[in-house]
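Asker: Put together the whole structure using the sequences plus the hints.
Those sequence lines, one after another, are chains Z and F. Under the working numbering, residues 1 to 251 are what the first sequence spells out, in order. Under the working numbering, residues 1 to 107 are what the second sequence spells out, in order.
Some hints here could point you the wrong way.
No more than 27 Å apart at the CA atoms, straight line, and that leaves these computed lysine-lysine pairs for DSS-like [said to hold, decoys possible]:
1) F:Lys91 with Z:Lys87
2) F:Lys95 with Z:Lys14
3) Z:Lys14 with F:Lys69
4) F:Lys49 with Z:Lys14
Okay, the calculated bits of chain Z under chain F, using three or more residues with CB under 8 Å as the criterion [unchecked claim]:
5) 14–22
6) 87–99
Example chain Z residues on the side facing chain F (calculated, C-beta under 10 Å, incomplete) [stated by the list, open to error]:
7) Asp5
8) Leu6
9) Ser7
10) Glu10
11) Ala11
12) Gly73
13) Ala76
14) Leu79
15) Gly84
16) Trp184
17) Arg243
18) Leu245
Quick caveat, the hints were computed from the structure, so don't treat them as lab data. Computed from a prediction, not measured in an experiment: that's the story for all the values here. Think of the CB as a built atom: it goes at the ideal place given N, C-alpha and C, for glycine as much as any other residue.
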Amino acid sequence: MNAVDLSKLEALTKDYAAFQARKSGLATALGGLMALLLIIVPIYKPVLDFRPGHLGWLQLMLATPLIWLALKGLLARWLYRGFGHVKCLPDVRAERTRWFCVFGISVFLGGFLTVGLVGFTSGVLGLPRDPAVLARALEKYHWALPPVWMTTMPLLYLLAAPWWIRGVEEARAYAVLVVQCCLWVWQLMVFAYLPWREGPEHMGFTGATIIGVLVLALAVTGWGALAMIRGWKEHREYLALLRTLPPAGGE
Amino acid sequence: MSDANPDLQPILTLDRTVHEPSRLAILTVLSAAEEVEFLFLQRVTGLSKGNLSSHTQKLEGAGYLETVKAFRGRIPVTSFRITDDGKVALKAYHKQLRALLPEEKKR
Chain Z
1 MNAVDLSKLE ALTKDYAAFQ ARKSGLATAL GGLMALLLII VPIYKPVLDF RPGHLGWLQL
61 MLATPLIWLA LKGLLARWLY RGFGHVKCLP DVRAERTRWF CVFGISVFLG GFLTVGLVGF
121 TSGVLGLPRD PAVLARALEK YHWALPPVWM TTMPLLYLLA APWWIRGVEE ARAYAVLVVQ
181 CCLWVWQLMV FAYLPWREGP EHMGFTGATI IGVLVLALAV TGWGALAMIR GWKEHREYLA
241 LLRTLPPAGG E
Chain F
1 MSDANPDLQP ILTLDRTVHE PSRLAILTVL SAAEEVEFLF LQRVTGLSKG NLSSHTQKLE
61 GAGYLETVKA FRGRIPVTSF RITDDGKVAL KAYHKQLRAL LPEEKKR
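Answerer: Now the structure itself:
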């Protein structure tokens with residue numbers, strides 16, 4: 001056991017512990033893939049075609065960040081704890097960065113919830129006053145009202161963040177998924193309360209909206225592809241680390 | 001030890017609990033993390049279960065590590081932590097050993 005072996009042993013332990021504290025490997029790749037799916041699925045599936053029976057896809061899509069969190073936890077348990085749990089030494093800088101990311105996501109979601117609440121209130125206040133008109137509108141568009149659990153999604157994203165986000169890569173993946181889903185929630189809210197006044201046929205896209213959506217789609221596609229590459233590289237780094245372990249000792 | 005060559009005195013005063021290669025490896029691994037599970041320690045040092053248990057008991061006896069027993073579901077899990085005394089002993093050992101090396105071999 002010479003000095004080189006000891007420093008290798010130390011580095012190996014630190015690297016292995018990092019996978020349990022900060023690094024997410026394939027979970028980052030999965031986040032990238034899911035972000036891409038959130039762009040691709042609406043092209044082939046009628047997610048935004050608000051008709052009865054089509055809301056299932058939207059519900060599934062809105063659950064994506066939470067599904068990712070659950071899958072990430074399972075991946076970490078299956079893939080990165082094969083040789084037992086190693087608790088990383090406290091790293092003040094990494095912990096500060098993590099909280100900074102969580103704070104950023106929380107501020108975004110807090111802002112989104114506030115804007116949503118204001119929008120919701122103005123939507124409700126704009127309901128037709130004539131009960132007969134209201135009853136007709138309700139009968140026609142009752143299926144378009146978002147289920148209550150769907151409107152609480154931003155709050156769920158917010159609550160999950162401090163407990164489940166471990167590192168910067170994970171915070172990035174989560175932020176991208178959450179922002180995408182918040183846009184869907186926003187679309188849903190707009191659609192659900194617009195018919196009371198004008199009807200869905202008046203809900204059109206302006207040129208600026210289309211450009212905005214295209215820019216967002218391109219940015220997410222770019223990030224998704226990069227995340228998949230980064231996640232795969234990190235996973236290979238972990239496999240290389242395992243190969244450096246000495247063969248198991250006997251009983 | 002009084003009859004020993006005075007030049008050898010620094011070597012003879014090395015902490016033998018730490019000096020043993022397996023125990024040195026165990027302490028090195030433990031110093032790189034906050035808490036390490038038995039399974040990882042066994043795999044990374046390449047020691048058998050019996051050997052590892054015996055060495056960790058000696059280190060625990062010297063006050064250099066502490067054992068943490070817990071349950072994961074119904075499975076008992078044993079982990080280890082290096083103590084402050086263990087950190088001091090490991091640091092002192094490195095310092096002593098470095099001091100013993102000829103100048104050209106020090107990095």
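Asker: Look at each hint and say if it fits the structure.
Answerer: Verification of the supplied hints:
Pair hint Lys91 of chain F plus Lys87 of chain Z holds up; C-alpha atoms about 21 Å apart against a cutoff of 27 Å. Restraint check for Lys95 of chain F and Lys14 of chain Z: satisfied, since their Cα atoms lie roughly 22 Å apart, inside the 27 Å limit. For the given pair, Lys14 of chain Z sits about 22 Å from Lys69 of chain F by alpha-carbon distance, which is consistent with the 27 Å threshold. A C-alpha spacing of about 22 Å is found between Lys49 of chain F and Lys14 of chain Z, which places the hinted pair at or below 27 Å, so the restraint holds.
Restraint check on the stretch 14–22 of chain Z versus chain F: 3 residues with Cβ-Cβ distances below 8 Å, three needed, restraint holds. With a cut-off of 8 Å between beta carbons, the stretch 87–99 of chain Z has 4 residues touching chain F; three or more are needed, and the interface restraint holds. A least Cβ separation of about 8 Å between Asp5 of chain Z and chain F falls short of the 10 Å threshold, and the interface hint therefore holds. Using the Cβ-Cβ criterion of 10 Å, the hint placing Leu6 of chain Z at the interface with chain F is satisfied: the shortest such distance is roughly 5 Å.
Because the closest C-beta pair between Ser7 of chain Z and chain F is about 8 Å apart, less than 10 Å, the hint holds. The restraint placing Glu10 of chain Z at the interface with chain F holds, with a minimum CB-CB distance near 4 Å, inside the 10 Å limit. At its closest, the beta carbon of Ala11 of chain Z sits 8 Å from a beta carbon of chain F; the interface hint therefore holds under the 10 Å criterion. Given the 10 Å rule on beta carbons, the hint for Gly73 of chain Z is violated: about 15 Å separates it from the nearest Cβ of chain F.
Residue-level restraint check for Ala76 of chain Z is violated (minimum Cβ-Cβ distance to chain F is 14 Å; threshold 10 Å). Because the closest C-beta pair between Leu79 of chain Z and chain F is about 15 Å apart, greater than 10 Å, the hint is violated. This hint holds: Gly84 of chain Z has a C-beta 3 Å from the nearest C-beta of chain F, less than the 10 Å allowed. This hint is violated: Trp184 of chain Z has a C-beta 37 Å from the nearest C-beta of chain F, more than the 10 Å allowed.
For Arg243 of chain Z, the interface hint is violated, since its Cβ never comes within 10 Å of a Cβ in chain F; the closest pair sits about 12 Å apart. Because the closest C-beta pair between Leu245 of chain Z and chain F is about 6 Å apart, less than 10 Å, the hint holds.
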